[in-house]
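**Student:** As a plain string of letters, each chain reads:
Protein chains: 2
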Amino acid sequence: MTEGPTLGELGEFAVIDAITAGRRHGDAVRVGPGDDAAVLDAPDGRVVASTDMLVQGRHFRLDWSSPEQVGRKAIAQNAADIEAMGAVPTGFLVAFGAPVDTPASAVTALSDGLSAEAARAGASIIGGDLVASPQWTVSVTALGDLAGRPAVLRSGASAGDVVAVAGELGRSGAGYALLDAGAAEPALAALVDRHLVPQPPYGQGARAARAGATAMTDVSDGLIIDLRQLAAASGVGIDLHTARLAADRDALTAAAVALGADPWAWIFGGGEDHALVACFPAAAVLPQGWRLIGAVTAEHDGVTVDGGGWTGRPGWDSFG
Amino acid sequence: MTEGPTLGELGEFAVIDAITAGRRHGDAVRVGPGDDAAVLDAPDGRVVASTDMLVQGRHFRLDWSSPEQVGRKAIAQNAADIEAMGAVPTGFLVAFGAPVDTPASAVTALSDGLSAEAARAGASIIGGDLVASPQWTVSVTALGDLAGRPAVLRSGASAGDVVAVAGELGRSGAGYALLDAGAAEPALAALVDRHLVPQPPYGQGARAARAGATAMTDVSDGLIIDLRQLAAASGVGIDLHTARLAADRDALTAAAVALGADPWAWIFGGGEDHALVACFPAAAVLPQGWRLIGAVTAEHDGVTVDGGGWTGRPGWDSFG
Numbered sequence: 001m002t003e004g005p006t007l008g009e010l011g012e013f014a015v016i017d018a019i020t021a022g023r024r025h026g027d028a029v030r031v032g033p034g035d036d037a038a039v040l041d042a043p044d045g046r047v048v049a050s051t052d053m054l055v056q057g058r059h060f061r062l063d064w065s066s067p068e069q070v071g072r073k074a075i076a077q078n079a080a081d082i083e084a085m086g087a088v089p090t091g092f093l094v095a096f097g098a099p100v101d102t103p104a105s106a107v108t109a110l111s112d113g114l115s116a117e118a119a120r121a122g123a124s125i126i127g128g129d130l131v132a133s134p135q136w137t138v139s140v141t142a143l144g145d146l147a148g149r150p151a152v153l154r155s156g157a158s159a160g161d162v163v164a165v166a167g168e169l170g171r172s173g174a175g176y177a178l179l180d181a182g183a184a185e186p187a188l189a190a191l192v193d194r195h196l197v198p199q200p201p202y203g204q205g206a207r208a209a210r211a212g213a214t215a216m217t218d219v220s221d222g223l224i225i226d227l228r229q230l231a232a233a234s235g236v237g238i239d240l241h242t243a244r245l246a247a248d249r250d251a252l253t254a255a256a257v258a259l260g261a262d263p264w265a266w267i268f269g270g271g272e273d274h275a276l277v278a279c280f281p282a283a284a285v286l287p288q289g290w291r292l293i294g295a296v297t298a299e300h301d302g303v304t305v306d307g308g309g310w311t312g313r314p315g316w317d318s319f320g
Numbered sequence: 001m002t003e004g005p006t007l008g009e010l011g012e013f014a015v016i017d018a019i020t021a022g023r024r025h026g027d028a029v030r031v032g033p034g035d036d037a038a039v040l041d042a043p044d045g046r047v048v049a050s051t052d053m054l055v056q057g058r059h060f061r062l063d064w065s066s067p068e069q070v071g072r073k074a075i076a077q078n079a080a081d082i083e084a085m086g087a088v089p090t091g092f093l094v095a096f097g098a099p100v101d102t103p104a105s106a107v108t109a110l111s112d113g114l115s116a117e118a119a120r121a122g123a124s125i126i127g128g129d130l131v132a133s134p135q136w137t138v139s140v141t142a143l144g145d146l147a148g149r150p151a152v153l154r155s156g157a158s159a160g161d162v163v164a165v166a167g168e169l170g171r172s173g174a175g176y177a178l179l180d181a182g183a184a185e186p187a188l189a190a191l192v193d194r195h196l197v198p199q200p201p202y203g204q205g206a207r208a209a210r211a212g213a214t215a216m217t218d219v220s221d222g223l224i225i226d227l228r229q230l231a232a233a234s235g236v237g238i239d240l241h242t243a244r245l246a247a248d249r250d251a252l253t254a255a256a257v258a259l260g261a262d263p264w265a266w267i268f269g270g271g272e273d274h275a276l277v278a279c280f281p282a283a284a285v286l287p288q289g290w291r292l293i294g295a296v297t298a299e300h301d302g303v304t305v306d307g308g309g310w311t312g313r314p315g316w317d318s319f320g
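Chains as they are written, first to last, in our numbering: chain L, 1 to 320; chain C, 1 to 320.
Because the hints were derived from the structure by calculation, they are not lab data. Using N, Cα and C, we set each Cβ at its ideal position, and we do this for glycine too. A portion of the hints provided could be inaccurate.
To be verified - Now the stretches of chain L that chain C is said to cover, found in silico as 3 or more residues with beta-carbon under 8 Å:
1. 22-35
2. 48-59
3. 95-102
4. 119-132
5. 136-145
6. 162-170
7. 295-301
Produce the entire structure from the sequences given, and follow the hints as far as they go.
**Tutor:** Shown next as structure tokens:
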């Protein structure tokens, strides 16, 4: 297989020209890539913004992920942060570092993944940077719009609220465990795919906000650890009900049997599914796509499971 | 000297708590660090956005720069991109990667530099990410506001316009050469400081826009290479006049003598000064702080110097 010229052979400007040529931008993009900065509509008069960095060997492996999958994952996890505020993504900026001997075709494939996932999230790549780095490093900033609504913070939950989730839980953790074990059963490939490219429930953040969500976050580090932060910010406790999570457990049973693992460890501590988890007033009608998984309590004892402590790993720490 | 606990010993969340505690935000920051995303005022109804990644060993060296200087440089160069659109910076997001054994105190010092330079630029750090990485990597996204004005693009220059600059030229290139040669004369320390922490002329981007600038960019890769891009985007040529740049040459003479170097190479090809260079209609009154350095011509022959070609290095390529 010929991989074509490298970044070093083509140079920064030629590669940027190649990956930006012919890209279509949404109507919200007044000035796209190619000038000193982009200009993006912010119709609300406020802009929502979040940034995440993915480092090769730490957040992805190029022997597991294709360049396109790396790009899709980087956009998906940042888009989920915008959704978790009750906003909709409007644009993404991508700074990318790679070794000088990286084939330019790999950067084009990464760029294809970035653009495809941005389109799925309803937005465009509006700007970026391309530099030399010892390993691949992808740093994405996502921008979004609240359409006049208040932002849904982590701090708004009250005792008596219900806890609900949109999207899937535990799939990414199971997929990682399968990859790590070298288990390649075709029947389990969908879980691996979910680890390589998470599927946030696009549109559900704004839908939850319109339905009256009092607090929201996305499941990035692990359900328990992410809800601990929400509970601490709100000054409440949260109790999760395993009976309400049976569908997630059932979806993971085959992988758990194959690996001799506990599916609940993936559901509660796996992270990287980028599902949305939110609190709603007990009287609220949950929007379509949301399912009840627990309750907000007055006890300041963090997050419990069926009323008891969770003794497994609660999630991921960047330096753990 | 005790360096205290490392990132790995404290963990991601404790370090983030330590560097965000007590930071003050500007009035434009509705939601600062600590939630899934930040919320920033965008009073114009559009937001200007740019991103740059700095990689240790490529864009800075920790044996040359203090962590605080790295932070200040990262903000300054991104702020200059916002200024170059005729906008004012309103907020910065910073994704930072570092080895697990990095002293947390170094990250605090980096954060101090980020915040101090953001304040100089008139804005705040509104969000970020902290991850493990084999080397220091700082990725900044700058956001800005146009206050109702059109963005000043690279493509708006016309034959007959004048070319003017705000800020200094060649200092960063001279400072780099001094560092690279191990030349440590105290009399030349100011040039080294300029390389380690560029000083964009904050506020001059908006001032140029109000004065009618037709095209603008910042000097990041090198005066010639940056103006070539502007000239190509505008479909014009640019001729620079060395007689108008005598003050820059004079400021570099001592360093040039010390190193046996040509000061014009730093002025025309040095880059990283993050001065602003703009075109104005010939009849415009240049704002205070701007000085005439050349003219826009109808010939599509790129950038010339005193009517002839520039045969030196035109600037920097990320993969060169």
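**Student:** Are there hints from earlier that the structure breaks, and if so, what are their numbers?
**Tutor:** 6 and 7
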